[in-house]
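Please build the complex by placing chain F with the ligands on the supplied structure of chain V, with the hints as guidance.
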Amino acid sequence: MTEQLREAATAGGDVRLTGIGKTYGAFTAVQPLDLTVPQGSFFALLGASGCGKTTTLRMIAGLEEPTSGTVLIGGQDVTALPPYKRPVNTVFQSYALFPHLDIFENVAFGLRRRGKKDVKKQVEEMLELVELGPYARRKPHQLSGGQQQRVAVARALINHPQVLLLDEPLGALDLKLRRQMQLELKRIQTEVGITFVHVTHDQEEAMTMADTIAVMNGGRVEQLGAPADLYENPGSTFVANFLGQSNLIPAEVTGSADGSLLLSAGGARLAMPKARCATEASSVYLGVRPEKITIAGADSEVAEGRNRITGTVVDSSFIGVSTQYVVRAETGQELAVFEQNMDRDTRLTPGAPVVLHWNPAHSFGLDAAQAIDAGTGEAAA
Amino acid sequence: MTATAEAAPTQVIPLQDRPPRRRLTPYWLLLPGLAWLVVFFVVPMVYQASTSLQTGSLEQGFQLTWHFSTYWDALSEYKWHFVRSFGFSAIATLLCLAIGYPLAYTIAFKASKRWRNVILILVIAPFFTSFLIRTLAWKTILSDSGPVVETLNALHLLSLTDAIGLTTGQRLLATPLAVICGLTYNFLPFMILPLYTSLERIDPRLHEAAGDLYARPFTTFRKVTFPISLPGVVAGTLLTFIPASGDYINAQLLGSPSEQMIGNAIQKQFLNVLDYPTAAALSFILMALILGMVTVYMRKAGTEELV
Ligand SMILES: Nc1ncnc2c1ncn2[C@@H]1O[C@H](COP(=O)(O)OP(=O)(O)OP(=O)(O)O)[C@@H](O)[C@H]1O
Ligand SMILES: [Mg+2]
Numbered sequence: 001m002t003e004q005l006r007e008a009a010t011a012g013g014d015v016r017l018t019g020i021g022k023t024y025g026a027f028t029a030v031q032p033l034d035l036t037v038p039q040g041s042f043f044a045l046l047g048a049s050g051c052g053k054t055t056t057l058r059m060i061a062g063l064e065e066p067t068s069g070t071v072l073i074g075g076q077d078v079t080a081l082p083p084y085k086r087p088v089n090t091v092f093q094s095y096a097l098f099p100h101l102d103i104f105e106n107v108a109f110g111l112r113r114r115g116k117k118d119v120k121k122q123v124e125e126m127l128e129l130v131e132l133g134p135y136a137r138r139k140p141h142q143l144s145g146g147q148q149q150r151v152a153v154a155r156a157l158i159n160h161p162q163v164l165l166l167d168e169p170l171g172a173l174d175l176k177l178r179r180q181m182q183l184e185l186k187r188i189q190t191e192v193g194i195t196f197v198h199v200t201h202d203q204e205e206a207m208t209m210a211d212t213i214a215v216m217n218g219g220r221v222e223q224l225g226a227p228a229d230l231y232e233n234p235g236s237t238f239v240a241n242f243l244g245q246s247n248l249i250p251a252e253v254t255g256s257a258d259g260s261l262l263l264s265a266g267g268a269r270l271a272m273p274k275a276r277c278a279t280e281a282s283s284v285y286l287g288v289r290p291e292k293i294t295i296a297g298a299d300s301e302v303a304e305g306r307n308r309i310t311g312t313v314v315d316s317s318f319i320g321v322s323t324q325y326v327v328r329a330e331t332g333q334e335l336a337v338f339e340q341n342m343d344r345d346t347r348l349t350p351g352a353p354v355v356l357h358w359n360p361a362h363s364f365g366l367d368a369a370q371a372i373d374a375g376t377g378e379a380a381a
Numbered sequence: 382m383t384a385t386a387e388a389a390p391t392q393v394i395p396l397q398d399r400p401p402r403r404r405l406t407p408y409w410l411l412l413p414g415l416a417w418l419v420v421f422f423v424v425p426m427v428y429q430a431s432t433s434l435q436t437g438s439l440e441q442g443f444q445l446t447w448h449f450s451t452y453w454d455a456l457s458e459y460k461w462h463f464v465r466s467f468g469f470s471a472i473a474t475l476l477c478l479a480i481g482y483p484l485a486y487t488i489a490f491k492a493s494k495r496w497r498n499v500i501l502i503l504v505i506a507p508f509f510t511s512f513l514i515r516t517l518a519w520k521t522i523l524s525d526s527g528p529v530v531e532t533l534n535a536l537h538l539l540s541l542t543d544a545i546g547l548t549t550g551q552r553l554l555a556t557p558l559a560v561i562c563g564l565t566y567n568f569l570p571f572m573i574l575p576l577y578t579s580l581e582r583i584d585p586r587l588h589e590a591a592g593d594l595y596a597r598p599f600t601t602f603r604k605v606t607f608p609i610s611l612p613g614v615v616a617g618t619l620l621t622f623i624p625a626s627g628d629y630i631n632a633q634l635l636g637s638p639s640e641q642m643i644g645n646a647i648q649k650q651f652l653n654v655l656d657y658p659t660a661a662a663l664s665f666i667l668m669a670l671i672l673g674m675v676t677v678y679m680r681k682a683g684t685e686e687l688v
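The listed protein sequences correspond, in order, to chains V and F.
Residues in the first sequence are numbered consecutively from 1, following my numbering.
Residues in the second sequence are numbered consecutively from 382, following my numbering.
If we strip away everything but chain V, and leave its shape as in the complex, we get (with noise of 0.2 Å):
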């Protein structure tokens, strides 16, 4: 099976689209975006709720008419074509089994449609896959969340597809099963080599299985790139926070020295290389995130050249492998600080004066005309 997946494969997967958006009568849901999605890889759009990841992967499938751009599948234009016709399949969000089928006819659906042969050894080898051999006589309905979500999954890849549209297909999956999923959808993908395009809001799912993600805002691609590279480099502070966690430290551009701009932030003087700031701005935030920090007693000795800031501590909270400080700075902020349990200080209890300290070479530069919440918990609320 894994040949003739291949053999799909290779046909051409490329998805692009170029200007495509989506209105609902005076409201946005997509603004106009270019997106290529090269063949053979795992694309995931990560997102807050509402913000059309789902519109975006629906108007790849067909299944909603886009209000301008096209849509190219292998080079081929299918902006025009039903849903039937395109080589895509896709996992819903909501799985929408077929209640009055059982899960072999649900998995067999789309292969009787095209008159495929040797129907029976396909599906057992899918259920096989997705481990859910034994309930092939079963209705959707007296399955688990879980093994729906499975058989939904199932159902898309057996039909071989050039691109394989995913809507949180992991959701409704207790975190052991959903790692373990994980592993196998990045498995098959590798395996067979077919592009995948993956929606989900969770971004450890999306840093762990993509290779290239693109964080949506409002209706907007906010930045597309490889796991690694958003995270070390974000274009916005809604991608700083979106993605993992990251403290921002409004500064002042006061000058610049051998491929660093030097920064001043409330008292401290901080630096950043020159080419890790998305800005011309005078007015930036410094960012740098919690695990590149090192927390010290005040009195401790900080070598030069390092980026320097004291303050209190607020709160610590002990996680097992790590301790979560949130430092009040002298700058005015609160800092999250992630400190490795190797060997803990025991003086750093809330109010505790600290020194924090980290490589300048960890910061990177956004522009401060943005709002410094984006993309966090409170902003969205």
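Be aware that one or more of the hints could be misleading.
DSS-like, lysine-lysine: derived pairs with alpha carbons at most 27 Å apart [what the hints assert, rightly or not]:
{"#": "1", "chain 1": "F", "residue 1": "K604", "chain 2": "V", "residue 2": "K139"}
{"#": "2", "chain 1": "V", "residue 1": "K186", "chain 2": "V", "residue 2": "K176"}
{"#": "3", "chain 1": "F", "residue 1": "K681", "chain 2": "V", "residue 2": "K139"}
Treat the hints as calculated values from the structure; they're not laboratory data.
All values derive from a computational prediction rather than experimental measurement.
Just chain F with the ligands, lined up with the frame of chain V:
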């Protein structure tokens, strides 16, 4: 707060340990319904059963003589009435399905919210006037010089229906076709409403999923929509077929003596001939036949699987 704390422990007491009064509550609640059934269903049934086995006449009084042959005599005398009853109502039921399904489908999937309500009201609007008046109106519609007959005549369609025995003498009134039309019209809402209910419940995503899995629109209908709506089809056909089989108004007003259905026979025996035993026996035969047919039909449709 204290109230719930006190009430909580009673929930864990096993059923058989509960105070008897509490266990009986559901039965007390059933009592009015049971009383209704006994008074208005069981008693008349027993009374009718006994009537059907009596002999005598109105003047001399009826005696219970366990005269079972009334059943046989009634059946052999009125067998064609039975045949016509079931024949006409079967055709009417099929017509109702053919007309009702597309309409219910349109209301459920194609109409906008506002139109949906408008059409549903139109479907039940006929109930605002009496059954009798509506059927009388059909007498005018189908009358010999009316536009319907004239149009059909101009299209030579009546010669066609004449040929297959649905009409006679190039007219509609007093023909089997008129009775079938009347039945179809009068029982159509009983078909549409259950169909609509079962179609309306279908998640539109299922249509999308079928389309996504290479089913053309018609295949989607055949493989997904129709099978899921089968409980509605079963309910609709039963709700149409059963009352139509026992109907006598349509045959009375739109048919001639040769279109009489079993309802007409029962009515005549009860009210004109005053032969109560035969009338009661006919009622029981009708009931038994319908029950038999419904049982076979339900078995075939396999509703247990579907609902
Ligand atoms: N038929 C519709 N009519 C009007 N607005 C709609 C319609 N469908 C979706 N929307 C709006 O479009 C926006 C994007 O919806 P979409 O379903 O794409 O969100 P999403 O990113 O998939 O969210 P989630 O993660 O919650 O599934 C939402 O704000 C939604 O309210
Ligand atoms: Mg969605």
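Okay, the hints, checked on the actual structure:
Between the alpha carbons of K604(F) and K139(V) the distance comes to roughly 16 Å, so the proposed pair stays at or under 27 Å and holds. Simply put, K186(V) and K176(V) have alpha-carbon atoms about 15 Å apart, close enough for the 27 Å limit, and the pair holds. For the suggested pair K681(F) and K139(V), the alpha carbons sit about 20 Å apart, so the restraint of at most 27 Å is met.
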